[in-house]
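Peer 1: The chain contents come next:
There are 2 protein chains.
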Amino acid sequence: MPIYATKLTQGLISVKLKEGKVYSGSRSRIVTAGVQVPLGKFKFEFFHVCHSIPDSVGIIIYTPVGTVVHSGDFKLDYTPVDAHPTDLSRLSQLGAQGVLLLLSDSTYAELPGYTPSERVVGETLDRIMSNAPGRVIVTTFSSLLARIQQVIDSAAKYQRKVFIVGRSMNDTVKMALELGYLNAPTGVLGRLEESRGLPHNRVVFITTGSQGEPTSALVRMANQDHSQVHVQRGDTVVLSATPIPGNEALVNRTLDTLFKRGAQVMYDKLAQVHVHGHASQEELKLLLNLVKPRYFMPVHGEYRHLSLHAKLAEAVGIPRSNIFIMQDGDVLELNASSAKIGGKITSGNVYVDGLSVGDVGNVVLHDRKLLSRDGIAVVVIAVNKETGLLVGRPDIVSRGFVDNKEARTLIEQSRDFLARALDHQNKLTDWPVVTSRVKDLLSNFYYEKTRRKPIIIPVLINV
Amino acid sequence: MPIYATKLTQGLISVKLKEGKVYSGSRSRIVTAGVQVPLGKFKFEFFHVCHSIPDSVGIIIYTPVGTVVHSGDFKLDYTPVDAHPTDLSRLSQLGAQGVLLLLSDSTYAELPGYTPSERVVGETLDRIMSNAPGRVIVTTFSSLLARIQQVIDSAAKYQRKVFIVGRSMNDTVKMALELGYLNAPTGVLGRLEESRGLPHNRVVFITTGSQGEPTSALVRMANQDHSQVHVQRGDTVVLSATPIPGNEALVNRTLDTLFKRGAQVMYDKLAQVHVHGHASQEELKLLLNLVKPRYFMPVHGEYRHLSLHAKLAEAVGIPRSNIFIMQDGDVLELNASSAKIGGKITSGNVYVDGLSVGDVGNVVLHDRKLLSRDGIAVVVIAVNKETGLLVGRPDIVSRGFVDNKEARTLIEQSRDFLARALDHQNKLTDWPVVTSRVKDLLSNFYYEKTRRKPIIIPVLINV
Chain A
82 MPIYATKLTQ GLISVKLKEG KVYSGSRSRI VTAGVQVPLG KFKFEFFHVC HSIPDSVGII
142 IYTPVGTVVH SGDFKLDYTP VDAHPTDLSR LSQLGAQGVL LLLSDSTYAE LPGYTPSERV
202 VGETLDRIMS NAPGRVIVTT FSSLLARIQQ VIDSAAKYQR KVFIVGRSMN DTVKMALELG
262 YLNAPTGVLG RLEESRGLPH NRVVFITTGS QGEPTSALVR MANQDHSQVH VQRGDTVVLS
322 ATPIPGNEAL VNRTLDTLFK RGAQVMYDKL AQVHVHGHAS QEELKLLLNL VKPRYFMPVH
382 GEYRHLSLHA KLAEAVGIPR SNIFIMQDGD VLELNASSAK IGGKITSGNV YVDGLSVGDV
442 GNVVLHDRKL LSRDGIAVVV IAVNKETGLL VGRPDIVSRG FVDNKEARTL IEQSRDFLAR
502 ALDHQNKLTD WPVVTSRVKD LLSNFYYEKT RRKPIIIPVL INV
Chain B
82 MPIYATKLTQ GLISVKLKEG KVYSGSRSRI VTAGVQVPLG KFKFEFFHVC HSIPDSVGII
142 IYTPVGTVVH SGDFKLDYTP VDAHPTDLSR LSQLGAQGVL LLLSDSTYAE LPGYTPSERV
202 VGETLDRIMS NAPGRVIVTT FSSLLARIQQ VIDSAAKYQR KVFIVGRSMN DTVKMALELG
262 YLNAPTGVLG RLEESRGLPH NRVVFITTGS QGEPTSALVR MANQDHSQVH VQRGDTVVLS
322 ATPIPGNEAL VNRTLDTLFK RGAQVMYDKL AQVHVHGHAS QEELKLLLNL VKPRYFMPVH
382 GEYRHLSLHA KLAEAVGIPR SNIFIMQDGD VLELNASSAK IGGKITSGNV YVDGLSVGDV
442 GNVVLHDRKL LSRDGIAVVV IAVNKETGLL VGRPDIVSRG FVDNKEARTL IEQSRDFLAR
502 ALDHQNKLTD WPVVTSRVKD LLSNFYYEKT RRKPIIIPVL INV
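Residue numbers (the numbering used here), protein chains in the order written: chain A, 82 to 544; chain B, 82 to 544.
In case anyone wonders, no lab produced these hints; they're calculated from the structure.
All C-beta atoms, glycine included, are put in the ideal place defined by N, C-alpha and C.
In silico SDA-like links for lysine to any residue, alpha-carbon gap of 20 Å or less:
hint: 1; chain 1: B; residue 1: Lys366; chain 2: B; residue 2: Asp168
hint: 2; chain 1: B; residue 1: Lys425; chain 2: B; residue 2: Leu415
hint: 3; chain 1: A; residue 1: Lys534; chain 2: B; residue 2: Leu451
hint: 4; chain 1: A; residue 1: Lys102; chain 2: A; residue 2: Leu436
hint: 5; chain 1: A; residue 1: Lys486; chain 2: B; residue 2: Val438
hint: 6; chain 1: B; residue 1: Lys450; chain 2: A; residue 2: Leu446
hint: 7; chain 1: B; residue 1: Lys486; chain 2: A; residue 2: Leu446
hint: 8; chain 1: A; residue 1: Lys530; chain 2: B; residue 2: Gly442
Coverage of chain A stretches by chain B, computed from C-beta distances (three or more under 8 Å per stretch; other residues unrestricted):
hint: 9; region: 329-338
hint: 10; region: 346-355
hint: 11; region: 473-483
Sample of chain B residues facing chain A (criterion: CB under 8 Å; computed from the structure):
hint: 12; residue: Lys350
hint: 13; residue: Tyr384
hint: 14; residue: Val461
hint: 15; residue: Ile542
Make a model of the complete structure from these sequences and hints.
Peer 2: Below, the structure written as structure tokens:
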């Protein structure tokens with residue numbers, strides 16, 4: 082499939098493909114804001130929006146039944162780092178002409194007021210760069226190029242040299258410099274080896290690890306595990322990002338490690354070292370007012386965000402019946418004068434397990450869960466095929482149940498116990514019955530001795 | 082061991098012991114603020130502090146080498162719900178007499194300024210109770226009795242009747258009413274069954290589940306899984322608590338479910354429905370200034386909180402060398418004129434697995450991890466004891482590896498493959514060699530076919 086993207090987006094994609102060693106057979110097309118691309122019955126036009134990543138665009142889709150506007154990720158930063166604010170005039174033109182459907186970014190629909198400008202972080206960075214007694218280590222996402230630009234600018238202002246640590250950060254910065262989305266005054270960026278020769282108050286590192294990822298450069302630097310940079314007393318570490326929900330525990334652990342190293346740590350609770358890239362409630366209402374769509378669909382974010390965004394749309398006058406909160410897979414059918422949810426397409430997670438894609442069985446997953454809880458014990462029972470009687474003592478092998486060395490006595494006891502129990506039965510010929518009896522006997526025996534319930538697998542063989 | 086506690090704390094302990102069906106053989110002693118208890122060479126005195134739980138006290142320990150003050154969990158709420166603020170005058174008296182060591186609550190040392198008064202939540206609750214078109218469901222911790230009191234007061238003010246849902250909430254409320262720590266005007270509290278007969282705008286439920294615990298009453302009410310109350314459109318749900326770090330995902334999932342039910346949901350991001358019970362930076366500094374300890378130890382909270390609290394102590398004039406950031410197990414040795422960290426005692430998690438306490442083996446845990454990843458395959462190989470040759474085809478049993486029904490072919494193929502491979506070996510007499518060879522053969526066979534690596538356990542038996 083061809084991929085249409087702005088120049089920087091294409092750069093970011095190519096870095097990711099290179100990282101994943103994926104050959105891109107795709108035909109790439111570069112688009113810019115203002116350009117129109119006809120595709121089948123539709124025509125696509127792109128308009129500039131502000132976001133933490135420069136060169137972001139929303140999409141206008143001209144369809145035979147009306148115009149659809151998709152905001153993409155956006156905020157209304159009037160003083161963005163790249164001096165290129167969201168194209169409100171194009172949006173208000175569209176609003177005047179009539180828009181059938183607006184899809185708009187709900188990620189921060191919980192927050193009242195306006196999202197602060199990216200510039201605010203620049204001011205905090207300036208304060209940090211001028212006051213920090215030693216090295217400054219800034220960690221953020223490699224795609225947040227506006228943030229990286231501000232770190233470079235602030236470092237240059239305070240005669241510090243900037244060193245990029247980590248491959249993905251390096252690849253992205255190199256690409257963005259080449260494409261002109263990052264600008265560094267001559268001599269500000271250095272090769273990591275040079276950092277050692279400089280006084281600490283002349284050094285800035287930019288790296289990833291803002292989510293506490295255990296293999297990230299920041300975490301390795303904090304754990305004194307990195308080949309070139311170790312966090313130490315006198316360093317100032319700036320976490321210029323907020324934890325993505327679910328990452329809180331990893332981030333907190335990283336913060337604690339940094340504090341233990343004696344570093345000064347700046348993070349969201351202590352200073353404005355991060356602003357996010359999504360519109361808050363007043364901005365969302367402004368967009369709705371400019372675009373004046375007949376139908377509205379909140380997109381991005383969890384159900385609660387969509388639901389709150391829908392309430393905002395109601396508040397600015399869109400009838401509740403014209404607002405569609407969609408769940409994954411829902412299809413919205415539109416024509417010039419009506420809209421309705423029509424059917425569902427397949428969507429959701431596809432589980433990959435080895436070579437299996439999508440067909441990982443529930444039985445398998447259930448068994449793995451049981452195995453991880455109390456382990457497994459396999460009993461091999463040899464039965465004389467002529468007499469139907471037990472031959473010797475049953476063999477028992479276990480994994481993840483008890484320590485096989487320490488619990489040798491337990492295993493031996495259970496073999497004796499089973500041998501005695503089965504000897505009373507004259508014939509072991511009805512195998513389903515024997516199997517189930519062995520399971521019960523052994524399961525109870527082990528539960529009584531250990532209060533654990535390993536999976537018991539009897540294997541009967543004729544000898 | 083005897084337990085010394087205030088009356089309400091004893092009540093809370095007894096509810097927990099009853100829940101856990103634990104017989105308390107302990108000798109309980111009720112203490113009150115102002116009382117002194119001599120114990121060996123030490124004397125203990127208790128002083129009142131404000132916290133989300135009424136009847137909280139800090140501890141003064143008179144020792145032969147000087148006075149030690151432990152704040153416990155506290156905040157400086159000047160308008161607490163029980164009209165009983167933190168006893169600052171006792172603390173300043175102590176400060177004037179000389180305090181050797183202060184241990185103080187660091188939980189919220191990240192937050193600048195003052196923690197808002199619990200009253201603030203009362204104002205939010207009043208707005209909610211008066212405006213909500215239908216039932217109001219408030220969820221919080223059962224120990225937050227000040228919060229529960231405010232819900233009851235607010236409900237009474239707006240002619241709503243209060244129903245307690247869930248056993249632990251019921252037990253705690255009953256105990257607190259009996260001991261006089263909760264007060265409900267006559268007729269405000271009702272039995273859950275009565276709630277059905279009332280108009281929705283006359284009903285308030287109080288329940289647990291603020292952390293999204295899957296078995297809590299709130300989550301079951303949201304999932305239409307509760308025997309008596311189901312959340313529905315028109316309900317207003319108030320999450321009067323913030324997620325404990327680590328619980329964010331569960332709480333978010335619960336929020337989404339509540340929104341899907343059409344409920345109006347009030348939570349920390351949308352309204353001030355919770356204030357926490359711990360002092361912020363200005364309060365911590367005030368305590369340090371009043372108590373004027375020679376030595377200081379920040380307690381409670383993670384390392385970063387202790388570290389930031391230590392910085393506050395430095396800022397109010399305590400020399401860095403007199404501040405001790407302790408890690409679990411560290412021992413602080415004090416005498417009248419010096420303090421040092423002296424040694425370490427055993428501390429940390431004790432793992433319990435069935436009847437094993439503390440001696441859960443690493444091998445066992447490691448095996449369970451492997452088992453949970455790709456499962457297990459057990460191969461039973463019968464060897465003729467006279468000839469040393471393979472008898473029949475090996476038997477293979479697996480769990481958690483592949484679906485035994487769907488992958489029957491794979492298992493059969495692997496049996497054939499192994500039978501052929503072992504037939505080439507004339508004698509299967511050197512069992513360690515055979516075992517290791519079978520493991521390699523089968524592991525490679527399965528990996529090639531499935532890209533999974535189950536644990537392979539060969540069992541050899543002589544027949």
